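Going down the list, the sequences are from chains A and B.
As numbered in this note's numbering, the first sequence has no gaps in its residue numbers, which increase by one up to the final residue, 113.
As numbered in this note's numbering, the second sequence has no gaps in its residue numbers, which increase by one up to the final residue, 107.
Simulated from the structure, these hints should not be mistaken for laboratory data.
Since the model is a prediction, treat every value here as computed from it, not as a measurement.
All residues carry an ideal CB built from backbone N, CA and C; glycine is no exception.
One or more hints might be untrue.
Said to hold, decoys possible - If you want a taste of the chain A side facing chain B, the calculated C-beta under 10 Å gives, among others: (1) Y10; (2) Y35; (3) G40; (4) L43; (5) R44; (6) M54; (7) G58; (8) D59; (9) G63; (10) Y64; (11) A92; (12) E106.
What the hints assert, rightly or not - DSSO-like mimics (lysine-lysine), calculated; alpha carbons at most 27 Å apart, straight line: (13) B/K56 <-> A/K57; (14) A/K70 <-> B/K2; (15) B/K2 <-> A/K3; (16) B/K2 <-> A/K55.
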Amino acid sequence: DVKVTQSSRYLVKRTGEKVFLECVQDMDHENMFWYRQDPGLGLRLIYFSYDVKMKEKGDIPEGYSVSREKKERFSLILESASTNQTSMYLCASRSQGNDGELFFGEGSRLTVL
Amino acid sequence: QKEVEQNSGPLSVPEGAIASLNCTYSDRGSQSFFWYRQYSGKSPELIMFIYSNGDKEDGRFTAQLNKASQYVSLLIRDSQPSDSATYLCAVRSKIIFGSGTRLSIRP
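Just chain A, same shape as in the assembly (with noise of 0.2 Å):
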C-alpha cells in the first residue's frame, strides 16, 4: 500500500515563527503536492513538484516556500506564520503521468496564534 506520512498531525505556532511541515511517500512517486483545506474553500493547492529540486507554484503559494532534496521527501516551509495560515495542510503524492491516483496523507493541522 502506497504510504504518505505527515510528520505532525497537529501544530501550534505563533505569528513570526518559522514552520516547516514535512511529507514523506513510499512509493516512489515523481509529483507530490501541498494542499491547505479550509471550511467553504475546498483544497486549494499551494505547490506542487514534478520532481526532485523542481517546484511549482499552485494557486496560493504566497508566504509559502517548498524544498524536494529527495524524491521520497517534500516540505513545506512558512517563513514567517501569519494568522491567516491556520488551516488543514495535506500532502499528496502520484506518480508519473496525469491520469494517476492522488495519495494523501492524515493532514496536518496547524494553528498560529
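Position chain B against the provided structure of chain A, taking the given hints into account.
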C-alpha cells in the same frame, strides 16, 4: 471565474434514492477528471476518474463527462447513509479541486 465549481450543499437525499453531484470547469483543454470522497476528519480518497465523454460506471457510482458543456457529474445509486461525506471534483494535471459538495443521506 473559479477553475472548478461545485455547489457546496448540503445536498440531502433519502436513503435508496439517486444522489446527483455536479461540477463545472473553466479550462476547455482539461483532459482528466476525478471524483474524491472525504469523510469528516479524514483525507480525500479517489472514487472515480474519467477522461472520455459519456458515462463510466463502477458499482453504484456513475461518472458523466460532457466536454462540450464543460461539466462532470457523479451519480450515486441506491444511496446509503455511509455515502454521507463531502465529494470533491478535481480536474487537470495539477489536480485543481472544487470546494466540494457535502452530501447527507437521510434514513
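Status of each hint after checking the structure:
Annotation: A/Y10 was flagged as interfacial toward chain B, and the flag is violated, the nearest CB pair being 12 Å apart, outside 10 Å. Here the hint on A/Y35 is kept, as its CB sits about 7 Å from the closest CB of chain B, short of 10 Å. Among the interface hints, the one on A/G40 holds; its C-beta lies about 6 Å from the nearest C-beta in chain B, closer than the 10 Å criterion. Interface restraint check: A/L43 against chain B, minimum CB-CB distance 4 Å, threshold 10 Å, status holds.
The beta carbon of A/R44 is positioned within 10 Å of a beta carbon in chain B (closest approach about 8 Å), and the interface hint is therefore held. At a threshold of 10 Å, the smallest CB-CB gap from A/M54 to chain B is about 13 Å, leaving the interface hint violated. Here the hint on A/G58 is kept, as its CB sits about 7 Å from the closest CB of chain B, short of 10 Å. Below 10 Å, beta-carbon pairs count as interface contacts, and A/D59 has one with chain B at about 7 Å; its hint therefore holds.
Taking 10 Å as the C-beta cut-off, the interface hint given for A/G63 is violated, the closest approach to chain B being about 19 Å. At about 16 Å, the closest approach between the beta carbon of A/Y64 and any beta carbon in chain B exceeds 10 Å, and the interface hint on this residue is violated. Against a cut-off of 10 Å between C-beta atoms, the interface hint on A/A92 holds, since the closest Cβ of chain B lies about 8 Å away. At about 6 Å, the closest approach between the beta carbon of A/E106 and any beta carbon in chain B falls short of 10 Å, and the interface hint on this residue holds.
The hinted pair formed by B/K56 and A/K57 fails the criterion: a straight-line CA distance of about 32 Å is larger than 27 Å. Annotation: proposed proximity of A/K70 to B/K2 is violated, straight-line Cα distance about 33 Å (limit 27 Å). Restraint check for B/K2 and A/K3: the C-alpha separation of about 31 Å exceeds 27 Å, so the hint is violated. Only pairs whose Cα atoms come within 27 Å are accepted, and B/K2 paired with A/K55 is accepted, the gap being roughly 23 Å.
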